[in-house]
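Going down the list, the sequences are from chains V and F.
For what it's worth, this note's numbering labels the leading residue of the first sequence as 18, then goes sequentially.
For what it's worth, this note's numbering labels the leading residue of the second sequence as 470, then goes sequentially.
Keep in mind that the hints were calculated from the coordinates and are not lab data.
One or more hints might be untrue.
If you anchor each label on the Cβ, the simulated ranges turn out as follows [stated by the list, open to error]:
1. Asn419(V) / Asp664(F): 19 to 29 Å
2. Ala605(F) / Glu250(V): 28 to 38 Å
3. Pro669(F) / Lys366(V): 48 to 58 Å
4. Ala208(V) / Arg709(F): 28 to 38 Å
5. Arg709(F) / Pro145(V): 34 to 44 Å
6. Thr117(V) / Asp617(F): 46 to 56 Å
7. Gly689(F) / Ala208(V): 34 to 44 Å
8. Arg601(F) / Pro53(V): 40 to 50 Å
It should be emphasised that the depicted structure is a prediction, and the values quoted were computed from it without experimental measurement.
A virtual CB, placed ideally from N, CA and C, is assigned to each residue, including glycine.
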Amino acid sequence: MKTIPLAIIGAGPAGMAAARTAARHGLRPVVFDEQPAPGGQIYRALESTPLRDPELLGQDYWHGRSLIEALRREPVDYRPGHMVWQLTRAGEIGVLAGDTAALIRAERVVLATGAQERPFPVPGWTLPGVMGAGAAQVLLKTSGVVARAPMILAGSGPLLYLVAVQYLRAGASVAAILETTPQENRRLALAHIGGAIRGWRYLRKGAGLLRELKRAGVRHERHVVALRAEGEEALTGVGWRTAERPDDWQHCEATTLLLHHGVVPNVQMTRALGGEHDWSEQQLCWRPRRDAFGRSDIENFFIAGDGGGIGGARAAQLQGELAALAALESLGHIDGPTLAREAAPVRRKLDAELVVRPFLDALYRPGDSWRRPDDEVVVCRCEEISAGEIRRVARLGCAGPNQMKSFTRCGMGPCQGRLCGLTVSEILAAENGQSLEQTGYYRLRPPFKPITLGQLASAAGDAPGAPAWNETETAS
Amino acid sequence: MERDRDRFVKPTALVIGGGLHGASAATQLARSGFRVTVVEKNYAGRHASGVNAGGVRRLGRHPAEIPLAVAALERWQRLEALIGDDGGFHPCGQIKVAENDENMARLVSRAAEVRELGFDHEITLSRDELRRRVPAVAPHCVGALACDGDGAANPYRTLTAWRRQSQREGAIWREGVRVTRVDRAPGGGWRLSTDHPDLPGLDADWLINCAGGWAGELCGALDECVAMQAQALMLTITERVTPFLGPVIGSASRALSFKQMDNGSVMIGGGIAGCIDTGGERADVRLAGLAENVQTALGLFPFMRDVRVVRTWAGIEGVTGDGIPVLGLSWRHPRLIHSFGYSAHGFQLSAITGEIVRDLALEREPALPIAPFDIRRFDSSSAAARASHTH
Ligand SMILES: Cc1cc2nc3c(=O)[nH]c(=O)nc-3n(C[C@H](O)[C@H](O)[C@H](O)COP(=O)(O)OP(=O)(O)OC[C@H]3O[C@@H](n4cnc5c(N)ncnc54)[C@H](O)[C@@H]3O)c2cc1C
Ligand SMILES: Cc1cc2nc3c(=O)[nH]c(=O)nc-3n(C[C@H](O)[C@H](O)[C@H](O)COP(=O)(O)OP(=O)(O)OC[C@H]3O[C@@H](n4cnc5c(N)ncnc54)[C@H](O)[C@@H]3O)c2cc1C
């Protein structure tokens, strides 16, 4: 098995910035990303999107250009289309490219795998036609194609408005926005108004998006307290109730429903590696432990970007620089004083970038009933386990999600618990009167994403000494 | 008052390890009048016992284990009556496949060897008979060795059933408690220290070492000589596929265990070693080993190439130098019984080992031969030790 000094997993803002920093210090990192092109979530398909009009996807999108250009220009071994399906604490990385799995070892690893959308279980969310707003945005950025039929967006958070606006500008017909942000959030967020004022750029952007939706005449329902996706074989409509009319189900026909309750760190890898995770009451998610430089509590592993806690694209970029510096220092490639000197201005910018977060987190915090749905709602889509079943098993004495797996197979399907993990932990904690920390989360097992037996078997030659790593196939 | 009297009359036993062998021993000891406490540092079934492949197999056993495995199967067949749940046991049979004539010759002589020992559970299958029973197997396979009545069960469910039964018999379980120190108590029994603030010390007349992958450490603390290693054994599980396989499949020449579960998922294992974290509590899969294991499986079932892997994992197991367990009395200390080192095939045996531990604690001759599992086989001065004991 070949050993490399530095692997970076993820080519979003965090991973690209980390690669650029390492390359500028004369160390050539290998960057793995499963996507065919660099950019991560926010700058996805920037080089190839058919939506070339800069107004359409917005200035924040096109900001990614310089990072992508650096990735292409600097001495970086960038490997698109390489999915990391396994990692060990010894730095063994299993990558899958096409139908070939290979193994490689890295002395240091920067995890920059980003965020995922928070699970948003409502009645009918498994119907075809219902999907995450973020997933829909991926389709928009890569293909530029929008369906003619009316769509509804439901949920909360800045990305919900952004996706709505991006779809509108691309010519979609948005029938309604159903906003689930609880009424009291506004008041609770005021406590953090100081940070919000200093982070005015975000607020201005948010207000601009809202104005644009209003100008376009999009129906905007606020204080939605219940939501259901309707239809037999596929989505035909959406029903909801609001705080102002709590007894009336209102309806609207639609064939697409985009759901969004914010994003949470993608913890598949840090969990599989057995790192410590803390529950963030502010962001209602697990955060892998990392220090101010992104050093994790797993030796030789560093975490940059939204995978360590939600800070947004600009923060991710700065964290990528810091993590690369820390990795270079731990490799002995730069010394301590250099690390301190170069990190100081980056950390100042990062602090300024993060100052708005407490306000945003409080403003868009999803209410309890959305995170711990009613008994009849399916929570684990793979094994079809309902919230009621989880509560029933909790009453039988099941204290944690891992025992829940043994009892019900909940979380053991191909999605690896990505779509149910948070919900299961939150329901169990509430049911057992425990903290989230006491309740814990799934012990994650590789593969992080499905790989076929044939692909896995193709790594069989990669025992020490075998030609596992093709030097000549460098992509950049 | 009642309690004090109880304490006076009933001997006490402390079982270290809440896996299957601990649960089995606890059940039988409690039933025979011991006051039993099981101490488990994590939770019941956290390690090998909760995460194994669930193979219930007599097929291919070491000759020394055959009598125990045969007796254990008899218990599996009436598990529900014994412990209130059948553990999901399906007697779907186990088959070891020969991929060439040389393999087949070895299986034929193995069957003869087993018959010579007085058992008739292993039978050879012709190529046609193999194909009839396992239509999906690759065409190059020439025959097999089969054991009807063997099969598979659900490990966590089985462990839970044994734990519940032991509790019904009166055993007390202390999970999340680690035994950190073992001392001889002045009166001839044992005094244990734990890491739990509420349980600083535990006393018992008898100590039962069922500590699985950690049993070697415990032996070290007790000055017992043993060649045992904790190993991480790996398994791979696939998405659901249309039912195509009844029996559990092994290979005559390669490490493999391959079976389709009730829900359609296929489980691939074979005692392939992964890695154990330095802390000793976490098992990691080793990619190269997994890949080889899967390659072996695809050799027998090539049509599975495009089936997706859903999960892989590794569990920690105690593996001895000679691959058979340690089961018997200590010769260094009175009132210490060992039951560990099941070396990747202790799931099936757990149905009988508790009875053996019970017999030993009652100071009577076990009904089954356990001399080959004597811990003295690892002691360099064992000849001397044995000589002094036979007086
Ligand atoms: C669906 C979605 C859409 C979003 N859209 C926007 C937006 O439009 N505007 C905005 O400001 N913020 C958006 N965000 C928020 C986003 O998290 C941050 O803005 C920013 O992209 C975070 O940067 P990052 O580098 O930490 O992670 P990301 O940009 O998410 O980059 C992570 C990269 O890691 C790769 N990766 C992950 N797992 C593996 C693996 N196993 N193997 C190989 N590669 C892997 C991914 O392919 C991805 O390219 C979105 C988030 C999500 C989840
Ligand atoms: C992946 C895998 C697949 C397998 N497949 C099969 C199969 O198909 N068929 C088969 O027959 N066998 C199989 N086995 C083997 C079988 O699972 C084991 O032999 C059996 O479960 C061992 O049980 P045990 O009670 O000895 O150990 P364990 O289940 O490991 O229990 C020992 C317990 O002791 C506890 N402990 C240790 N030290 C202390 C301490 N100081 N204080 C408190 N508690 C302590 C541990 O936490 C542990 O829970 C497999 C094993 C693995 C790992």
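Quick check on a hinted range of 19 to 29 Å for Asn419(V) and Asp664(F), using CB atoms only.
Cβ of Asn419(V) to Cβ of Asp664(F): about 21 Å, so the range 19 to 29 Å holds.
Hint check for Lys366(V) and Pro669(F) - Cβ pair distance inside 48 to 58 Å
The hint (48 to 58 Å, Cβ to Cβ) holds, given that Pro669(F) and Lys366(V) are roughly 52 Å apart.
Taking the Cβ atom of Arg601(F) and the Cβ atom of Pro53(V), is their distance within the range 40 to 50 Å?
Since the Cβ atoms of Arg601(F) and Pro53(V) sit about 48 Å apart, the hinted range of 40 to 50 Å holds.
Measuring from beta carbon to beta carbon, are Thr117(V) and Asp617(F) in 46 to 56 Å?
The hinted range 46 to 56 Å is violated for Thr117(V) and Asp617(F), with Cβ atoms some 41 Å apart.
Is it true that the C-beta distance of Ala605(F) to Glu250(V) lies inside 28 to 38 Å, as the hint says?
Holds: the Cβ-Cβ distance is about 34 Å, inside 28 to 38 Å.
Take a look at whether the Cβ-Cβ distance between Arg709(F) and Pro145(V) falls inside 34 to 44 Å.
Violated - the Cβ-Cβ distance for Arg709(F) and Pro145(V), about 20 Å, lies outside 34 to 44 Å.
I want to verify a distance hint. Is the separation of the beta carbons of Ala208(V) and Arg709(F) within 28 to 38 Å?
violated (49 Å)
Just to be sure I understand the hint, the distance between the Cβ atoms of Gly689(F) and Ala208(V) should be within 34 to 44 Å; is that true here?
violated (57 Å)
In summary, the structure is inconsistent with hints 4, 5, 6 and 7 from the numbered list given earlier, while agreeing with the others.
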